[in-house]
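S.K.: Put chain C on the given structure of chain X with help from the hints.
For the protein sequence lines, the chains are X and C, in the order given.
If you use numbering that gives the first Met the number 0, the first sequence corresponds to residues 0 to 277, in order.
If you use numbering that gives the first Met the number 0, the second sequence corresponds to residues 0 to 287, in order.
Keep in mind that the hints were calculated from the coordinates and are not lab data.
All C-beta atoms in this analysis are idealised placements derived from N, C-alpha and C, irrespective of residue type, glycine included.
Among the hints, erroneous ones may be present.
Simulated coverage check for chain C against chain X, where a stretch passes if three residues somewhere in it have a Cβ under 8 angstroms from a Cβ of chain X [claimed, not checked]: (1) 15-25; (2) 45-52; (3) 114-123; (4) 168-174.
Derived contacts from chain C toward chain X, CB cut-off under 7 angstroms, selection only [said to hold, decoys possible]: (5) Gln29; (6) Val100; (7) Ser111; (8) Ala127; (9) Ala129; (10) Val229.
The primary structure of each chain is shown beneath.
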Amino acid sequence: MRETRTLRQPLREGVIDVGLGLAALVWLLPYLWMLSTSLKTLPEIVRAPTAPLPSGFELGAYRAVLEAMPLARYFLNTTLMALGIAVLQILVALPAGYALAKLKFAGRGVAFGMVVATLLIPAQVRFVPVFALLADFGLVNSMTALILPFGVSAFGTFLIRQALLSVPDSLIEAARMDGASELRIVYGLLAPMLKPTLVSFFLFSFVYHWNDYFWPLVMTTDDAVRTLPLGIALLREQGTGVRWHIVMAGNVLLSAPALAVFALAQKHLLRAVASKGP
Amino acid sequence: MRPSRRLDPLWMLGPTVALLVLFFFVPLLQAAKSSFYDWDLLTPPRYVGLDNYRALIETGELRHALTTTLTLSVIVVLGSMSLGLALALGLNRPGRFAAFVRSAVFSAYVVSWVSVALLWLWVLDADAGAFTALCRALGIPTTNWLGNPRAALYALAGVTIWKIAGYSMVLFIAGLQDIPRSLYEAASLDGAGAWQRFVNVTWPLLRPTAAFVGTTSLIISFQVFDVVRVMTQGGPVRSTSVFVYAIYEQVFLNLRVGRASALVVVFFVMLLGLTALQLWAWRKKGAA
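The following block holds chain X by itself, in its conformation from the complex (with noise of 0.2 angstroms):
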């Protein structure tokens, strides 16, 4: 008995090692195919498409990309967008995550119940109504029209409230106690205390926001608000044929930042996301 199960073992692990890295390359394979497309020449690509490696190292495909579009304007619009959201959802979220986690007062339950109902209203339920809004207020193609219909997040809203639970309200009493105001004690003594989660949220929602397309796609119209994904996704809808070298350089130009914040933020990134199930 004993013998068969330690000649079994490990074989059983190396067919399981060798299944992984066969997952590993599944994942890995179409990033490395789409940087090694990104360097080939338009001869190249219709001569051999599925040749493994450029012959050279061609940078003529992200000169392309930089001359189909104002790059450095989408690239900043994202960033600005992305983090204009982030930003505002904490700032708004930590009194309301406060209030609902400490303070006992008429109406709390039908605040609570309100932030809990907005996780039914998807962006896709709202953006016909919203847009409609907006373009009553001249306010389409602004970057009003892609931030502030964002402010608040009953996730993040949560998040703080969930982790203001612990906090114990004799540290509030003794603030208040030393004379500071209820403004203080949020963003003075308590978002410091909630460091962790709130460097969690804020890079969950950056990066969510940052890749966004659905909503920059509805809102935008104009070269000096549009977002760095709609411009990408533009150079494959442009009837570019078979120029992929020029597509697959958009796509590395728009996927290297996400992976670049994920590889230094990997862990505070799965927290976000392990905290979504309680």
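M.R.: Relative to the frame of chain X, chain C by itself:
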């Protein structure tokens, strides 16, 4: 605790409530109202009663949107969950190799849907795509995955699985780590093999996690839009026209806001049902 001044909750919750009303609740009610109107965004809306809903049913548009969305969702949920669980079981261990594979799989969840869509558009290209070439080299029958009306929806489902399997993997690993080691040791002492340990220890304790992951992936797959917009534009012959894409198409291509709003209402009611399911799973997870 009592608020230090009676009106403090007002400024604390004011911004949240104002934004919720302005950008969530009023739009929802307006969408419901628009569904009874004929409106092209340019001329004033005209009341038409239930005509929009009737048209959705009579043209078969509703049935089509439901069929494509449900087909996609079932494949995506089953595929990404079983893949995520298998990966979690293999990768729930220390070491650099496991950490490397975990990062590789989860990275797809972090990059944008647009990136993923463009990537696979090229890999699946009928003439020059790497996947097509690989299939030919291995002698596996292949097709024009995105141009064949009978294959395109499955291709999109595959791409979506690739994108979100890392999400279920991460949650399953977290679930596995909550299972006490002593249970496995006890099962081993009783002579249970690997399969028996999975059936009798792992799966029963993982079921609440599975319920949560399942409903969340269901909601994600219901909202799929970017891959459709970038890869197939709902085609070929509308075979990939899922719910959200149909809504988008009605508004921006057909300028039929009323018809789109009726779709939004049906979509919202379905999400409501799914979320009820999720809250139930959530509670179960909290209880475990």
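S.K.: Each hint needs a verdict: does it hold in this structure or not?
M.R.: Right, here's what the structure says about each hint:
| no. | hint | result |
| --- | --- | --- |
| 1 | 15-25 | holds (count 9) |
| 2 | 45-52 | violated (count 0) |
| 3 | 114-123 | holds (count 8) |
| 4 | 168-174 | holds (count 3) |
| 5 | Gln29 | holds, 4 angstroms |
| 6 | Val100 | holds, 5 angstroms |
| 7 | Ser111 | holds, 3 angstroms |
| 8 | Ala127 | holds, 3 angstroms |
| 9 | Ala129 | holds, 6 angstroms |
| 10 | Val229 | holds, 5 angstroms |
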